[in-house]
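In the order they appear, the protein sequences are chains A and B. Those letters in the first sequence? Residues 1 to 103, per our numbering, in order. Those letters in the second sequence? Residues 104 to 483, per our numbering, in order.
Any given hint might turn out to be false.
Partial selection, computed: residues in chain B whose CB lies under 8 Å from chain A [claimed, not checked]:
#: 1; residue: Thr-172
#: 2; residue: Glu-244
#: 3; residue: Thr-265
#: 4; residue: Met-266
#: 5; residue: Val-273
#: 6; residue: Leu-379
Pairs of lysine to aspartate or glutamate residues, derived as DMTMM-like cross-links and limited to a Cα-Cα distance of at most 25 Å, are as follows [what the hints assert, rightly or not]:
#: 7; chain 1: A; residue 1: Lys-92; chain 2: B; residue 2: Glu-405
#: 8; chain 1: B; residue 1: Lys-340; chain 2: A; residue 2: Glu-24
#: 9; chain 1: B; residue 1: Lys-336; chain 2: A; residue 2: Glu-52
#: 10; chain 1: A; residue 1: Lys-97; chain 2: B; residue 2: Asp-341
#: 11; chain 1: B; residue 1: Lys-331; chain 2: B; residue 2: Asp-353
#: 12; chain 1: A; residue 1: Lys-95; chain 2: B; residue 2: Glu-362
#: 13; chain 1: A; residue 1: Lys-26; chain 2: B; residue 2: Asp-341
#: 14; chain 1: A; residue 1: Lys-99; chain 2: B; residue 2: Glu-381
#: 15; chain 1: A; residue 1: Lys-95; chain 2: A; residue 2: Glu-27
#: 16; chain 1: A; residue 1: Lys-95; chain 2: B; residue 2: Asp-226
#: 17; chain 1: A; residue 1: Lys-14; chain 2: B; residue 2: Asp-199
#: 18; chain 1: B; residue 1: Lys-340; chain 2: A; residue 2: Glu-32
#: 19; chain 1: A; residue 1: Lys-26; chain 2: B; residue 2: Asp-368
#: 20; chain 1: A; residue 1: Lys-14; chain 2: B; residue 2: Glu-362
#: 21; chain 1: B; residue 1: Lys-338; chain 2: A; residue 2: Glu-52
#: 22; chain 1: B; residue 1: Lys-310; chain 2: B; residue 2: Glu-362
#: 23; chain 1: B; residue 1: Lys-340; chain 2: A; residue 2: Asp-25
#: 24; chain 1: A; residue 1: Lys-99; chain 2: B; residue 2: Glu-250
#: 25; chain 1: A; residue 1: Lys-18; chain 2: A; residue 2: Glu-85
#: 26; chain 1: B; residue 1: Lys-320; chain 2: B; residue 2: Asp-189
Here are the in silico distance ranges between beta carbons for each label pair [to be verified]:
#: 27; chain 1: B; residue 1: Met-464; chain 2: A; residue 2: Asp-25; range: 51 to 61 Å
#: 28; chain 1: B; residue 1: Asn-154; chain 2: A; residue 2: Arg-88; range: 29 to 39 Å
#: 29; chain 1: B; residue 1: Gly-446; chain 2: A; residue 2: Tyr-54; range: 56 to 66 Å
#: 30; chain 1: B; residue 1: Leu-358; chain 2: A; residue 2: Cys-22; range: 41 to 51 Å
#: 31; chain 1: A; residue 1: Cys-22; chain 2: B; residue 2: Gln-457; range: 47 to 57 Å
#: 32; chain 1: A; residue 1: Glu-52; chain 2: B; residue 2: Cys-357; range: 27 to 37 Å
Please keep in mind that the hints were generated in silico from the structure rather than gathered at the bench. All C-beta atoms, glycine included, are put in the ideal place defined by N, C-alpha and C.
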Amino acid sequence: MDGYITEHPILEFKRGKKVKFCFEDKEIEGYEGLPIAAALHAAGIKVLSISERYSRPRGFFCAVGKCSSCLMEVDGNPNVMVCMEPLRQGIKVRKQKGKGQKQ
Amino acid sequence: MNSSAKNQKPRSQKNIQNFSSSKLPNFDICVVGGGPAGLEAGIVAKELGANIIIIDDNPVLGGQLIKQTHKFFGSKAHYCGVRGIDIAKILTDMVDELKIDILDNATVVGYYDDDTLGILRKDKLFQIKAKTYIFAAGASENMLVFENSDLPGVYGAGAVQTMMNVYGVVPGRRALVIGSGNIGLIVPYQLLQSGVEVAAIIEILDKVGGYYVHAAKIKRAGVPIYLKHTIIKAKGKDCVEAAVITQVGDKFECLEGTEKTIECDMILIAIGLSPLCELLYQAGCRIDYVPELGGNVPYHNESMMTSKSHIFVCGDLACIEEASTAMLEGKIAGAKAYEALYGENKKSKEIVEQANKELSMIRSSPFEQRILSGKEKLKA
Ligand SMILES: Cc1cc2nc3c(=O)[nH]c(=O)nc-3n(C[C@H](O)[C@H](O)[C@H](O)COP(=O)(O)OP(=O)(O)OC[C@H]3O[C@@H](n4cnc5c(N)ncnc54)[C@H](O)[C@@H]3O)c2cc1C
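This is chain B alone, in the form it adopts within the complex (with noise of 0.2 Å):
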């Protein structure tokens, strides 16, 4: 375990015993995911005197935030210069402080019509009530298909980092990195620091798709980056042995004779990612194809409300952007799921303002201007 998540103390909360389906605990409101959206959305509306539980898979609260060792940067606002797995631990004393039930270690795997939740935790099936869910579950990296892509060393980047920087595991000896996006270029340097090569980071369009800052580090670091490039084939028996790419013309066609063969055990996919809207299917939301927000998203209006009232979404799910903004959206949809039940006030009104002010900051820079026109889109 990582150097914040040791610090974490094994959760279970005195009610999670008697959990069962015939006798379904009621909260006011449920958040479902424990990253920095739903542990903001959970910590705002506990702190205006919701009832409140939060539930995460993993044994650890804090999301993508617990394996990125990185300073995080690029936003004004928010913990700028923190490394993301310290974002994680004061996240999550905030969330002790409060006294906030959490249920970890626990999958919702279902949206009933009688509108419980399903839940897996340790191979017991229940079922819980709230009068209003928020969906913060994030989302899962996108596959790529190219020959032999299921070839056991083709893997999503963010897993890779999980492997090293979670669990301290070597994820192998020398990496193809396809994406240049920030993740693209993030975790190849995160693999040089845990002692593992990295041979290219190969990007598809003729520009660096992350921070320039980013691409210098691992430019710097000796990793070349090939632009214009894709990944045709890997190749191995077992496993990954070597990666065949080759350059790309105008109009993306492979151009013949460019093939270059990069021995590698690990190709790390960095493509993109899409976000986990399955139980927002089954409750019936409204879901919208918008490719600037990560494709199928839910719908949702500045109140971060999707098509139905007891409902709301916020952080990766509803749209692939970053940490920062992710709390942000935590924080206005955990103050408008409270006062969906209670009514507005004062402080839930300032909330909201001070959010919706810091968000505006920072997808005023040109690098966010995607994300304000997909979301512009939902509005039609």
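Pulled out of the complex, with its shape left as it was, chain A reads as follows (with noise of 0.2 Å):
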């Protein structure tokens, strides 16, 4: 997992307990509790949706909850800001198209 920035010279980071989840068929390492975002990042996993109109890929803006740049199908559900929402063990993430769909 390098995508986690691992020495600091004033911050230390605690981070919860490692679990797999799952991002279209693959499956990833992340540190829960940390936003869904957070966690596709650190994984290198930037391109979160895919726009409506264009299909064009879509990342994350604000990563605090406020501008909708980052919403995906989460365990089935449309339009979770995941920059918002924690990382849980086992948990199925899929990039949105448009405006989602609930399955």
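Take the two lone chains and join them into the complex the hints point to.
Given below as structure tokens:
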């Protein structure tokens, strides 16, 4: 897991336990409790959704739950703001296409 | 979680379980937003004796402070020399000591006709009613439009700061920063501290927007600041791979032949913030357009009262400024909201007087002239 900062002159990072979750059909590891977007970013995944009209890739923008640029499908529910939603063991995360679909 | 965040216990207050739309809990004062402004407002109102609750959408309190690892300065009055993360801890400890009710992980999603707030918490929607509201929701980062500006890798500078300083995630490999206000100067320095390269900071004006000290520090670290430059496009297939920048002339026109391609995997937008006024629109508060204060802002008077006598505002929501002034405005809003319910007393008057004194001291700096003229415009 090298997407995480290990040494920092000021901060010390206490992380939750390692958990496994699914992105599309791939298994990924992350730290429990981190926002899903942070865990995905650390795993090198930046494209979180595909835009409705022109099918363009989209990522997060504000990372603090204000801009809605990071909506994904989590366990079949569309429009989950993944910059705020904490990572849990075993969840299934998918790129959202357009407005998304409830599974 | 960072060093200040890790000490904060998860809160779940006893009354939270009872919150449902059928049984509305009642409060004297409900504070929306647990950043420096909202926390100070809540602390003051509670100390004066009001029954209050603070609602915030994050798991920890502190608002923007929880990602600010630099030592604050610029304003003599408050916490000068203390890191933002530590100020958040000091305020949170005070909130704990006073046993203020906190509703965390809760987003206020609506202001209804019967003066209740709609709240979404862990997939449950419920309402809260208070006699008086203090909105301290802060602001959101402005977006900039250019070719491919929707590509992943184009981020708010604050977003990158959150990713690295709060979550400990390496935000990228090499960054280009757009805008040289204090945020545009501080975040790249923090990127360097996290081992991320910074290609450059570009600024469309002919001078740096932020404090000289921050600019000097980032230049010493070897990061160039290109004045009179702007970005014209991002390049990349699925994510940012490079940016094209260009010099601009006196009318901000792009000067042909000056384009430069900068290899980077992140473009940080640090061109300013806009107050989060949506809930105040819903509440029917008057909203004025005052560029000096950050664009559309809720009208407010010296008491931080909006056009509605039971709704107060403070902090970045009232005008984009800084944490020290947000805290002082918070104190005024907290005391005035209390006075609106129970009348003024010696203590509440003292709090307001003291906060006003410190505010005018801070706002006497040349950097703050813009704010003063903005607040003047609100009165008109
Ligand atoms: C990179 C950077 C560097 C800075 N450096 C300095 C500095 O050196 N000195 C200084 O004085 N200032 C500095 N500032 C500015 C300072 O951080 C802000 O002015 C200050 O945090 C504003 O406080 P606030 O309480 O108004 O808003 P915030 O801190 O933004 O707090 C608002 C809170 O309300 C929450 N909220 C919003 N909407 C809702 C809702 N609907 N429901 C529930 N909760 C909600 C937000 O999530 C947030 O937690 C800096 C800012 C940045 C980004």
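Structure-inconsistent hints, enumerated in ascending order: The structure conflicts with hints 7, 12, 18, 20, although it agrees with all the remaining ones.
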